[in-house]
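Asker: Chains as they are written, first to last, in my numbering: chain S, -18 to 376; chain U, -18 to 376.
If you are wondering where the hints come from, they were derived from the structure by calculation, not from laboratory data. Don't take each hint at face value.
For identical chains, the list gives no copy identity; a pair is met inside one copy or between any two copies.
As the list claims (entries may be wrong) - The calculated BS3-like cross-link candidates involving lysine-lysine, where the alpha carbons are at most 30 angstroms apart (straight line), are:
| hint | residue 1 | residue 2 |
| --- | --- | --- |
| 1 | Lys56 | Lys176 |
| 2 | Lys145 | Lys332 |
| 3 | Lys178 | Lys56 |
| 4 | Lys114 | Lys86 |
| 5 | Lys166 | Lys56 |
| 6 | Lys62 | Lys169 |
| 7 | Lys227 | Lys176 |
| 8 | Lys169 | Lys56 |
| 9 | Lys227 | Lys85 |
| 10 | Lys85 | Lys56 |
| 11 | Lys272 | Lys114 |
| 12 | Lys332 | Lys1 |
| 13 | Lys86 | Lys1 |
| 14 | Lys86 | Lys56 |
| 15 | Lys227 | Lys178 |
| 16 | Lys(-8) | Lys332 |
| 17 | Lys227 | Lys56 |
| 18 | Lys178 | Lys243 |
| 19 | Lys169 | Lys227 |
| 20 | Lys227 | Lys272 |
| 21 | Lys114 | Lys166 |
Number of protein chains: 2
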Amino acid sequence: MKNQLVHEKIKQAVEILNEKNIDAWLIFVRESATMRDPTLELVVGTNCTWQSAFIINKDGDTTAILGSLDVPNMKTVGTYKNVIGFVQSVKEPLLEYLKTHDPKKIALNYSLHANLADGLTHGMFLALSEYLKGTPYIDRFVSSEEIIAALRGRKSSSEIELMKVCVRETERIFDEVTQFLQPGKSEKDVADFIKSKVTERGFELAWDEDHCPAVFTGPDTAGAHSGPTDRLIERGHILNIDFGVKINGFCSDMQRTWYIAKENETTVPTEVQHGFDVLCESINQAAIIVKPGMQGCEIDDAARNFITQNGYEEYMHGLGHQVGRDAHDGGSGFFPRWERYGNLPFIPIEKDQVYTIEPRLMVEGHGIVTMEEEIVVTETGCDYLSNPQKSLWII
Amino acid sequence: MKNQLVHEKIKQAVEILNEKNIDAWLIFVRESATMRDPTLELVVGTNCTWQSAFIINKDGDTTAILGSLDVPNMKTVGTYKNVIGFVQSVKEPLLEYLKTHDPKKIALNYSLHANLADGLTHGMFLALSEYLKGTPYIDRFVSSEEIIAALRGRKSSSEIELMKVCVRETERIFDEVTQFLQPGKSEKDVADFIKSKVTERGFELAWDEDHCPAVFTGPDTAGAHSGPTDRLIERGHILNIDFGVKINGFCSDMQRTWYIAKENETTVPTEVQHGFDVLCESINQAAIIVKPGMQGCEIDDAARNFITQNGYEEYMHGLGHQVGRDAHDGGSGFFPRWERYGNLPFIPIEKDQVYTIEPRLMVEGHGIVTMEEEIVVTETGCDYLSNPQKSLWII
Chain S
-18 MKNQLVHEKI
-8 KQAVEILNEK
2 NIDAWLIFVR
12 ESATMRDPTL
22 ELVVGTNCTW
32 QSAFIINKDG
42 DTTAILGSLD
52 VPNMKTVGTY
62 KNVIGFVQSV
72 KEPLLEYLKT
82 HDPKKIALNY
92 SLHANLADGL
102 THGMFLALSE
112 YLKGTPYIDR
122 FVSSEEIIAA
132 LRGRKSSSEI
142 ELMKVCVRET
152 ERIFDEVTQF
162 LQPGKSEKDV
172 ADFIKSKVTE
182 RGFELAWDED
192 HCPAVFTGPD
202 TAGAHSGPTD
212 RLIERGHILN
222 IDFGVKINGF
232 CSDMQRTWYI
242 AKENETTVPT
252 EVQHGFDVLC
262 ESINQAAIIV
272 KPGMQGCEID
282 DAARNFITQN
292 GYEEYMHGLG
302 HQVGRDAHDG
312 GSGFFPRWER
322 YGNLPFIPIE
332 KDQVYTIEPR
342 LMVEGHGIVT
352 MEEEIVVTET
362 GCDYLSNPQK
372 SLWII
Chain U
-18 MKNQLVHEKI
-8 KQAVEILNEK
2 NIDAWLIFVR
12 ESATMRDPTL
22 ELVVGTNCTW
32 QSAFIINKDG
42 DTTAILGSLD
52 VPNMKTVGTY
62 KNVIGFVQSV
72 KEPLLEYLKT
82 HDPKKIALNY
92 SLHANLADGL
102 THGMFLALSE
112 YLKGTPYIDR
122 FVSSEEIIAA
132 LRGRKSSSEI
142 ELMKVCVRET
152 ERIFDEVTQF
162 LQPGKSEKDV
172 ADFIKSKVTE
182 RGFELAWDED
192 HCPAVFTGPD
202 TAGAHSGPTD
212 RLIERGHILN
222 IDFGVKINGF
232 CSDMQRTWYI
242 AKENETTVPT
252 EVQHGFDVLC
262 ESINQAAIIV
272 KPGMQGCEID
282 DAARNFITQN
292 GYEEYMHGLG
302 HQVGRDAHDG
312 GSGFFPRWER
322 YGNLPFIPIE
332 KDQVYTIEPR
342 LMVEGHGIVT
352 MEEEIVVTET
362 GCDYLSNPQK
372 SLWII
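Excised from the complex, chain S in its bound form (with noise of 0.2 angstroms):
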């Protein structure tokens, strides 16, 4: 199954390399089990330890050339037609290959942008241009970000079936917590609760477990990307919690949002109810505008400026990114035109990615409301991946 995933990824970046009319793809890299190249899983399906080089040719041919000893087990993995090793360096066969097929436009695996497609590191483009000083080929190099957006974004049907999978199993975790939340109980206890259920069933989390879930309860909560704390779930708190499984190698990426009613309360507070609708509306009103070639930050746009309007601070984060085989997957994504998003604001929104809408607003003495749903962008829109929350969950 797994190779099979890479046999179908490899197909498709042929595809993606004679679209954009490159010759050759060269992904550059060592001991990648340690500095790990997320692209190697998607075209390539094992690690290796010497300076190697994978290469995906537009003409179908791939070849991978690695240290001698890493050899066997390339063969085994069987994703490379062709298999070369080496003993003392990789710079002679690699050479050779390139004379042999002479590539005029050559995608290399660093980005400026797009983290996801920044595997080579910076002694790696040294030890690479020292290879190739006085060839022509040093010349030929563009970063390979547009091709592994193509190839993480457009997911296949049998991808998006895997990650319906992780946000159904989200879903039925959230509706446990839901039984399981009460007054007195930390922001800690939550998240032992959440990751039980995820080792019980094989699982793993999406991302690092410091912050996976996240649990943020009441007004003096930390806010994204922080640890749950000892802080305990008191009547008239708005709660929330961030959190995703991997299954299959694919994750998911949500956030839903509770209210601790008061005893004897009857209602929810108008205020929180207010921030509730707005939020829940602001997603709505990125949701609609969604479709293929539209630019992220018109989306970001759409949401971030409906929240606003509505007389709520600004959230100091994007609106959305992508999810696949990471909870964070790129490059485009929901951004606002903000220099630390670089150019992912601006490309092109494609048919089959798949992304998060995530506005966040703060009600003054309750706490955050926050929801993040998934949607994938169809050929006139989008469908959500997963069931909009979209009444407050009243505990």
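Keeping the supplied structure of chain S fixed, place chain U upon it in accordance with the hints.
Answerer: What follows is chain U alone, placed relative to chain S:
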């Protein structure tokens, strides 16, 4: 405990900065849970999302500049004195730091030769170059490989204790394997048995589970860096296993060799015994000359020459590498003078470094003999961390 080790290592880093007369050490990373700069677990203790700078100054000051949403987590982790958040770009606070401290020599997290010191991606290097364009700082960078080599190499006594635990537990599993081995079992059966012990005891594997453990039986075995196959153990086979565990963040990496006696065989065949004896003595030849100040290639020479002088073919890899938080820890190693090892064979050996010694030879018709021992360099020589295998283990 985790953060205490980070504090210890930051203190050690400050000493090394002073020793090497470097003013500041800049670690520049993004989305570090995906592209994991291995230095972060050493001197940071957590991951970051956006472009982030971790700076250790030789006066002992430590500064983390991260996306604002990562700030609460960094403060909770508590390993850096100054924690500065940004919303739009790391550029301004980074420039501000450089202007204020004006470091004349800045170590940066890239390295041509040492993969564990090469956490800066090429894209991040380009970003940094852009941010610092027109400033004097751009010309003040040097590789931090020397700092990292010293920091990872020089084990504190508490680190040595943690590594001894790994070695003991590996040896314990090797003893259990001796009871398990018998003709008719496959390489995969043996690997599964070992993995079950690792899981049962709550350890991790020291490297990629595809070839940890690696199990090789008989004359037709694939050799190093290949995963276990369905090949069955037969009488007359030499069998060896390459295996290590990770416990409390530290690794072991060891190999042992067994002989599967034929029925009615009362002594080991001469050629098998001779191969074992030569290999054993080649390890000794290397170990007895190890001391601080020597070059790794000199140690490699000792074992390699002993094996070829005894008429065996040269093994196509280095004699040994460092072990620590990674099974292949860097930079210096007992490596031959081959281009693929860059400058690593020539870096002087230091006290308190831990190395493997792992020569290899083939006994025609039986299989591969290879042991891998671990030693720690002392003031005047070296001590074994492992109990060296001195006799062939007969099944």
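Asker: Taking the hints in turn, state whether each one holds.
Answerer: Going through the hints against the structure:
1. In this assembly of identical chains, Lys56 and Lys176 lie within 30 angstroms of each other by CA distance solely across copies; the values are 24 angstroms between and 38 angstroms within a copy.
2. Within a single copy, Lys145 and Lys332 get their C-alpha atoms as close as 17 angstroms, which meets the 30 angstroms cut-off; across copies the closest is 54 angstroms, which misses it.
3. Taking the shortest Cα distances, Lys178 and Lys56 sit within 30 angstroms of each other only across copies (29 angstroms), while inside one copy they are farther apart (38 angstroms).
4. Within a single copy, Lys114 and Lys86 get their C-alpha atoms as close as 17 angstroms, and across copies as close as 28 angstroms, so both meet the 30 angstroms cut-off.
5. When the C-alpha separation of Lys166 and Lys56 is checked against a cutoff of 30 angstroms, the pair qualifies only between copies, where the shortest distance is 24 angstroms, while the shortest distance within a copy is 53 angstroms.
6. Within a single copy, Lys62 and Lys169 get their C-alpha atoms only as close as 49 angstroms, which misses the 30 angstroms cut-off; across copies the closest is 26 angstroms, which meets it.
7. In the homo-oligomer, the alpha carbons of Lys227 and Lys176 lie at most 30 angstroms apart both inside one protomer (12 angstroms) and across protomers (22 angstroms), since each shortest distance falls under that limit.
8. In this assembly of identical chains, the alpha carbons of Lys169 and Lys56 lie at most 30 angstroms apart only when taken from different copies (18 angstroms versus 46 angstroms within one copy).
9. For the identical chains of this complex, Lys227 and Lys85 are neighbours neither inside a copy (39 angstroms) nor across copies (45 angstroms), given an alpha-carbon limit of 30 angstroms.
10. Within a single copy, Lys85 and Lys56 get their C-alpha atoms as close as 29 angstroms, which meets the 30 angstroms cut-off; across copies the closest is 49 angstroms, which misses it.
11. Within a single copy, Lys272 and Lys114 get their C-alpha atoms no closer than 45 angstroms, and across copies no closer than 38 angstroms, so neither meets the 30 angstroms cut-off.
12. Taking the shortest alpha-carbon separations for Lys332 and Lys1, only the intra-copy value of 17 angstroms comes in at or below 30 angstroms, while the best inter-copy value is 54 angstroms.
13. Within a single copy, Lys86 and Lys1 get their C-alpha atoms as close as 10 angstroms, which meets the 30 angstroms cut-off; across copies the closest is 42 angstroms, which misses it.
14. Only within a single protomer do Lys86 and Lys56 lie at most 30 angstroms apart by alpha-carbon distance; the minimum there is 28 angstroms, versus 46 angstroms between protomers.
15. When the C-alpha separation of Lys227 and Lys178 is checked against a cutoff of 30 angstroms, the pair qualifies both within a copy, at 13 angstroms, and between copies, at 25 angstroms.
16. Taking the shortest Cα distances, Lys(-8) and Lys332 sit within 30 angstroms of each other inside one copy (18 angstroms), while across copies they are farther apart (51 angstroms).
17. When the C-alpha separation of Lys227 and Lys56 is checked against a cutoff of 30 angstroms, the pair qualifies both within a copy, at 28 angstroms, and between copies, at 28 angstroms.
18. Taking the shortest Cα distances, Lys178 and Lys243 sit within 30 angstroms of each other inside one copy (28 angstroms), while across copies they are farther apart (51 angstroms).
19. When the C-alpha separation of Lys169 and Lys227 is checked against a cutoff of 30 angstroms, the pair qualifies both within a copy, at 21 angstroms, and between copies, at 26 angstroms.
20. In this homomeric assembly, Lys227 and Lys272 come within 30 angstroms of each other (Cα to Cα) only inside a single copy, at 27 angstroms, whereas the closest approach across copies is 47 angstroms.
21. In this assembly of identical chains, the alpha carbons of Lys114 and Lys166 never lie at most 30 angstroms apart, being 63 angstroms within a copy and 51 angstroms across copies at closest.
When each numbered hint is compared with the structure, violations occur for hints 9, 11 and 21.
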